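In case you want the letters, here they are:
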Amino acid sequence: GAVVSQHPSRVICKSGTSVKIECRSLDFQATTMFWYRQFPKQSLMLMATSNEGSKATYEQGVEKDKFLINHASLTLSTLTVTSAHPEDSSFYICSAGLARSGLYTDTQYFGPGTRLTVL
Amino acid sequence: AQKVTQAQTEISVVEKEDVTLDCVYETRDTTYYLFWYKQPPSGELVFLIRRNSFDEQNEISGRYSWNFQKSTSSFNFTITASQVVDSAVYFCALSELLFRAGSNSGYALNFGKGTSLLVTP
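So the sequence lines, in the order shown, correspond to chains Z and W.
Numbering follows this note's numbering, with no gaps: position 1 of the first sequence is 1.
Here this note's numbering runs 1000 ahead of the position in the second sequence, where the first position is 1.
Treat each hint with caution, since some may be false.
Said to hold, decoys possible - SDA-like, lysine to any residue: derived pairs with alpha carbons at most 20 Å apart:
| no. | chain 1 | residue 1 | chain 2 | residue 2 |
| --- | --- | --- | --- | --- |
| 1 | W | 1003 | Z | 61 |
| 2 | W | 1038 | Z | 55 |
| 3 | W | 1003 | W | 1051 |
Think of the hints as simulated: they come from the structure by calculation, not from any bench.
The structure displayed is predicted, hence computed values, not measured ones.
Using the sequences and the accompanying hints, generate a full structural model.
Quick look at the structure:
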């Protein structure tokens, strides 16, 4: 159980184009989904937190207009990198929170990641 | 502020050796969770363990064991009789509860920088 999928797994695009990445929780409903970014040989950095039906909350330094997040249902969140540039090339990983008890999600299950390369 | 420190950047061991990955954390929260994740070369993060701040019992799962000590703010991870398949980057993470106005948010993870473990035959 607790499987999270991400699509696409790898994308190469030209500078200036927009790229959409989908994150789905396959066998559970996720109240909260998180988006992380990981540069080579570095740790994961939280970009934003999204709750179904409400606006995403972005971490300091992350441009809202650049990284559009939509959390339309309890099983799907999307991240759109708008007008991508080479510096946006990175490994993007989503996670879905599984609530084991009470109100809050306390364990995150991660998708397999999307490797974005902007030429 | 919260911080997770994994002082070991890279560790190399020979198969069958035991290896301990260190994790030290800082938090002002009284309620928090600690995690270990494994990231093999494929990139996917694999959940290994979750421990809440009120449960200091050590845990063993097969060749894996975890030692949580609040007194030293450490949550170390030991692999006994290491195998080549254990080669990966291991991340320790600390979660803080997010209270966002009008929403049920949950826990965001603050990751350490990771320890790259190489197990050679």
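To see whether the hints hold, each was checked on the structure:
1. W:1003 <-> Z:61: Holds - the C-alpha atoms of residue 61 of chain Z and residue 1003 of chain W are around 18 Å apart, at most 20 Å.
2. W:1038 <-> Z:55: The given pair, whose Cα atoms are some 31 Å apart, is violated under the 20 Å limit.
3. W:1003 <-> W:1051: 17 Å, holds
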